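> Please model the complete structure; the sequences and the hints are all you need to start from.
Counting in the numbering used here, the sequence shown runs from 1 upward without gaps.
Mixed in with the good hints there might be a few duds.
With a Cα cut of at most 27 Å, we get these calculated BS3-like pairs of lysine-lysine [as the list claims (entries may be wrong)]:
| no. | residue 1 | residue 2 |
| --- | --- | --- |
| 1 | K57 | K74 |
| 2 | K47 | K83 |
| 3 | K89 | K47 |
| 4 | K41 | K57 |
| 5 | K43 | K12 |
| 6 | K41 | K89 |
| 7 | K41 | K83 |
| 8 | K43 | K89 |
| 9 | K64 | K47 |
| 10 | K83 | K43 |
| 11 | K41 | K69 |
| 12 | K74 | K64 |
| 13 | K57 | K47 |
| 14 | K41 | K12 |
| 15 | K74 | K43 |
| 16 | K69 | K43 |
| 17 | K74 | K89 |
| 18 | K41 | K74 |
| 19 | K12 | K57 |
| 20 | K57 | K69 |
| 21 | K83 | K69 |
| 22 | K89 | K64 |
| 23 | K69 | K89 |
| 24 | K64 | K43 |
| 25 | K12 | K47 |
| 26 | K12 | K2 |
| 27 | K47 | K69 |
Calculated from the structure, these hints are not laboratory results. Note that the coordinates shown come from a computational prediction; the quantities given were computed from them, not determined experimentally.
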Amino acid sequence: MKLRIIIFLFSKVMLLVFLGNALTACTTLTPIELSGEVGNKIKVNNKVHIQINTGEKISFSVSKVTSTKIFGDKESVLINDVKVLEEEKISPLRNSLIVGGIVGIIILNPIIGVLAFVGSYSILELVI
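This is the structure in structure tokens:
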């Protein structure tokens, strides 16, 4: 009986771990060098994370880029004021691994539960 409970709890914890990763590991931040023509390095509609010289951090989707400014829907930042510029990118490899892991856990979870249930009765029969 204890073995069944341990295996059941382990499978639930693993499911929570994979779901937690799925919520956080789908994108990566890629640093963009501020030297040269920044406008050619940033694509419209991509999300950027900017830290300006004062230390303030701003995140927005890019609507337009000129040689001097990066524009979002409601804000704009002078390129000369930017200290750190990062572009958010989707990571296909991470997404594939996470989806595969979630699907694997969802498929294996009931199988592990059934095996734990059957196994606990087999062990009890051997003891009695």
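> Each hint should be assessed against the structure and marked as holding or not.
Status of the hints after comparison with the structure:
1. A threshold of 27 Å between alpha carbons decides the hint, and for K57 with K74 the separation of about 15 Å falls inside it, so the pair holds.
2. Under the criterion of a C-alpha separation no larger than 27 Å, the hint pairing K47 with K83 is consistent with the structure, at around 17 Å.
3. At most 27 Å may separate the alpha-carbon atoms for a hinted pair to count; K89 and K47 meet this at roughly 8 Å.
4. At roughly 20 Å between alpha-carbon atoms, K41 and K57 fall within 27 Å of each other, so this suggested pair holds.
5. A distance of roughly 41 Å separates the Cα atoms of K43 and K12; the hinted pair therefore is violated under the 27 Å criterion.
6. Between K41 and K89 the CA atoms are separated by roughly 13 Å; this keeps the pair inside 27 Å, and the hint holds.
7. Pair hint K41 plus K83 holds up; C-alpha atoms about 16 Å apart against a cutoff of 27 Å.
8. Distance hint between K43 and K89 is fulfilled; the C-alpha atoms sit about 11 Å from each other, no more than 27 Å.
9. Our distance criterion of 27 Å between C-alpha atoms is met by K64 and K47, whose separation comes to about 12 Å.
10. A C-alpha spacing of about 19 Å is found between K83 and K43, which places the hinted pair at or below 27 Å, so the restraint holds.
11. Between the alpha carbons of K41 and K69 the distance comes to roughly 13 Å, so the proposed pair stays at or under 27 Å and holds.
12. Distance check on the hinted pair: K74 and K64 sit about 12 Å apart at the alpha-carbon level, within 27 Å; holds.
13. Between K57 and K47 the CA atoms are separated by roughly 13 Å; this keeps the pair inside 27 Å, and the hint holds.
14. Between the alpha carbons of K41 and K12 the distance comes to roughly 43 Å, so the proposed pair goes past 27 Å and is violated.
15. As the CA atoms of K74 and K43 are separated by approximately 17 Å, the hinted pair is consistent with the 27 Å bound.
16. Only pairs whose Cα atoms come within 27 Å are accepted, and K69 paired with K43 is accepted, the gap being roughly 13 Å.
17. For the given pair, K74 sits about 21 Å from K89 by alpha-carbon distance, which is consistent with the 27 Å threshold.
18. Between the alpha carbons of K41 and K74 the distance comes to roughly 21 Å, so the proposed pair stays at or under 27 Å and holds.
19. Taking the CA atoms of K12 and K57, the gap is near 37 Å; set against the 27 Å cutoff, the hint is violated.
20. Of the supplied pair hints, the one linking K57 and K69 holds, its CA atoms being roughly 16 Å apart against a limit of 27 Å.
21. Pair hint K83 plus K69 holds up; C-alpha atoms about 14 Å apart against a cutoff of 27 Å.
22. As the CA atoms of K89 and K64 are separated by approximately 18 Å, the hinted pair is consistent with the 27 Å bound.
23. With a C-alpha separation of about 21 Å, the suggested pair K69 and K89 falls inside the 27 Å cut-off, and the hint holds.
24. The straight-line distance between the Cα atoms of K64 and K43 is roughly 8 Å, inside the 27 Å bound, and the hint therefore holds.
25. For a cut-off of 27 Å, the pair hint linking K12 to K47 is broken: about 34 Å separates their Cα positions.
26. Restraint check: the Cα-Cα separation between K12 and K2 comes to about 15 Å, which is no more than 27 Å; the hinted pair holds.
27. At most 27 Å may separate the alpha-carbon atoms for a hinted pair to count; K47 and K69 meet this at roughly 15 Å.
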